[in-house]
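Chains as they are written, first to last, in our numbering: chain D, 232 to 507; chain U, 12 to 289.
Just so you know, the hints here were simulated from the structure itself, not pulled from any lab data. None of the values given here were measured: they were computed from a predicted structure. Hints should not be assumed to be uniformly reliable.
Claimed, not checked - The calculated SDA-like cross-link candidates involving lysine to any residue, where the alpha carbons are at most 25 angstroms apart (straight line), are:
hint: 1; chain 1: U; residue 1: Lys-208; chain 2: U; residue 2: Phe-53
hint: 2; chain 1: U; residue 1: Lys-154; chain 2: D; residue 2: Ala-423
hint: 3; chain 1: U; residue 1: Lys-154; chain 2: D; residue 2: Gly-427
hint: 4; chain 1: D; residue 1: Lys-495; chain 2: U; residue 2: Gln-159
hint: 5; chain 1: U; residue 1: Lys-208; chain 2: U; residue 2: Asp-158
hint: 6; chain 1: D; residue 1: Lys-495; chain 2: U; residue 2: Lys-154
hint: 7; chain 1: U; residue 1: Lys-261; chain 2: U; residue 2: Arg-283
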Amino acid sequence: MYIGRRQSRPRAVRIAFQRPVSVTLRVVLGVAAWFIFLGIWQYAATADLAPQRLFPPPTQVISALETLFSEQNFQADVLASLRRVAISFALAFAFALPLGLFMGAFPVVAAFFNPLVSPFRYLPAPAFIPLLLMWLGAGDTQKIALLFLGVVWFLVTLIADHVRSVRMELIETALTLGASTRQVLGGVVFRASLPGLVDIARQMLAVSWTYLIIAEIVAATDGIGAMIMRARRFVRVDEVMAGIVMIGILGLLLDLLFRLLHWKLFPYARQRSRKP
Amino acid sequence: MSSPEHHRSADFGELRIESVSKRYPGAHRREPPRLALESISFDLRRGAVGVLLGPSGCGKSTLLRMVAGLETISEGRITVSGREVTGPGRDRGMVFQTYTSFPWLTVEENVGYGLRINSSAAGVRSGVVDYFLDRIGLTPFRKAYPDQLSGGMRQRVAIARALANQPDILLMDEPFGALDPETRWQMQELVLGIVHKERMTVLMVTHDIEEAIFMGDRIAFFSRGPGRLIEVIEPTFGADERRLDKAALKAIPDYGEMESRILQMMRTEGSRASESAV
Ligand SMILES: Nc1ncnc2c1ncn2[C@@H]1O[C@H](COP(=O)(O)OP(=O)(O)OP(=O)(O)O)[C@@H](O)[C@H]1O
Ligand SMILES: [Mg+2]
């Protein structure tokens with residue numbers, strides 16, 4: 232009987248190492264997680280564990296979000312925040328891409344820049360806020376500069392590491408087919424790294440959002456962070472939470488956008504899980 | 012790079028390896044350079060298939076990579092079609108043991124890659140690509156991406172890509188090592204068929220004695236520590252007889268004799284090497 236059990240029938244168990252999950256199940260599980268989370272929140276908020284004013288239920292937060300949009304022109308704040316993230320991230324990526332590419336492709340370049348770039352990663356960007364305020368004032372430039380500093384050194388390192396991992400055989404194959412250095416760099420090294428670069432952009436964009444709030448809390452008249460600070464002054468906890476929810480929603484949407492981009496641009500990477 | 016008049020030159024497709032040595036730097040600074048290959052000389056005339064055979068670590072890949080221009084030459088010189096090798100170039104196509112298809116290109120784009128970067132006219136290119144896709148039997152898969160192919164199919168793509176670029180010499184490092192025996196056999200015949208038709212020179216590395224005898228016009232046998240060429244074996248029975256099929260090859264009396272002789276050399280080398288390694 233013991234042996235009979237060990238000769239395993241196909242197991243119905245879903246929890247197994249590396250077992251893929253069907254799309255339906257994934258959606259069901261994801262939605263369920265949210266329902267449970269919101270249910271516990273709603274219950275805790277209405278059960279009078281804390282004053283409602285300081286701990287509003289999700290329903291109140293959602294209606295606060297609606298009034299923010301309909302009566303307080305919240306869309307202007309959202310746009311201001313999106314603009315800051317977009318501009319600073321585009322600048323940081325445009326700076327980090329060529330540097331990371333050359334550092335990853337040519338060890339000589341890395342030997343020169345690495346000692347310079349590595350320590351910068353350990354400097355917390357918010358530590359630069361006083362300097363930036365003195366140099367650039369309290370306007371948009373200072374905020375964009377902070378966001379830029381928050382991600383740029385990580386971007387350089389991540390891009391360089393990823394580019395370095397392009398398989399040498401691909402490069403050598405191109406060389407024996409007569410490719411020039413430029414053709415190898417653009418047509419093989421960059422091209423092979425591209426899907427990974429989109430992933431890096433997606434992940435670092437999330438980091439950029441966390442710095443956005445820091446930047447807007449310091450000195451800002453508009454933006455999601457500024458709205459949150461305003462609401463705090465009037466102890467409008469529901470509006471503070473609505474601001475946080477908005478950031479979450481925007482982050483999620485951007486993440487999905489980048490995933491979609493990845494899916495559309497790299498059809499060959501879709502069945503990646505199939506092979507070693 | 013390879014001009015039309017060049018194709019007519021007398022030494023087109025000829026490989027000359029003249030007293031070539033290779034020293035690798037020591038693993039750390041105080042360790043002296045290690046001699047991987049010592050004074051190797053080996054020639055191939057146009058259309059001949061050369062096979063590098065020998066125990067693991069004797070420097071076969073190193074020699075092949077030096078011909079490709081991917082490894083520096085410490086001493087001596089190598090010429091292909093009369094030109095000295097100083098770096099990689101399209102006149103020496105290489106097929107690696109591992110899969111090297113560009114994953115972002117379809118099968119046909121992979122095969123046409125060399126022609127595209129060397130800016131061949133699109134019309135010529137598609138003709139050549141069609142021809143080689145047909146030869147390797149992958150025409151139905153021309154729009155597929157390498158990830159959708161089996162290992163054998165991917166290796167066929169790599170071979171077709173090298174051949175379509177029309178190199179003077181084709182270099183292959185254990186090209187069929189990862190394939191099952193049946194596919195391996197098919198690929199050997201396929202490559203020989205194409206290579207004979209194009210009269211292309213081939214230099215390849217293998218561990219497989221049968222493959223060496225089947226494919227090689229000249230078999231260079233290496234010993235290890237440092238790598239030396241100890242014997243060049245030229246199968247005495249004619250090329251046409253050898254390249255019939257597996258059964259016919261094994262039926263030839265000379266085959267068994269040659270196989271056991273090479274096996275004996277391998278054994279001797281193997282035991283000698285393992286003694287000296289201690
Ligand atoms: N990049 C390198 N740096 C230092 N030593 C190397 C390097 N590449 C190879 N060697 C050494 O050179 C010798 C020959 O290596 P090579 O890879 O050419 O052998 P091989 O005959 O191809 O072996 P195998 O049959 O196992 O593939 C080995 O002793 C190896 O350790
Ligand atoms: Mg080898």
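Verification of the hints:
1. Lys-208/U - Phe-53/U: The given pair, whose Cα atoms are some 24 angstroms apart, holds under the 25 angstroms limit.
2. Lys-154/U - Ala-423/D: Holds, because 19 angstroms separates the two Cα atoms, which is no more than 25 angstroms.
3. Lys-154/U - Gly-427/D: Given that 25 angstroms is the threshold and the Cα spacing comes to 23 angstroms, the pair holds.
4. Lys-495/D - Gln-159/U: 18 angstroms, holds
5. Lys-208/U - Asp-158/U: 30 angstroms, violated
6. Lys-495/D - Lys-154/U: Given that 25 angstroms is the threshold and the Cα spacing comes to 17 angstroms, the pair holds.
7. Lys-261/U - Arg-283/U: 29 angstroms, violated
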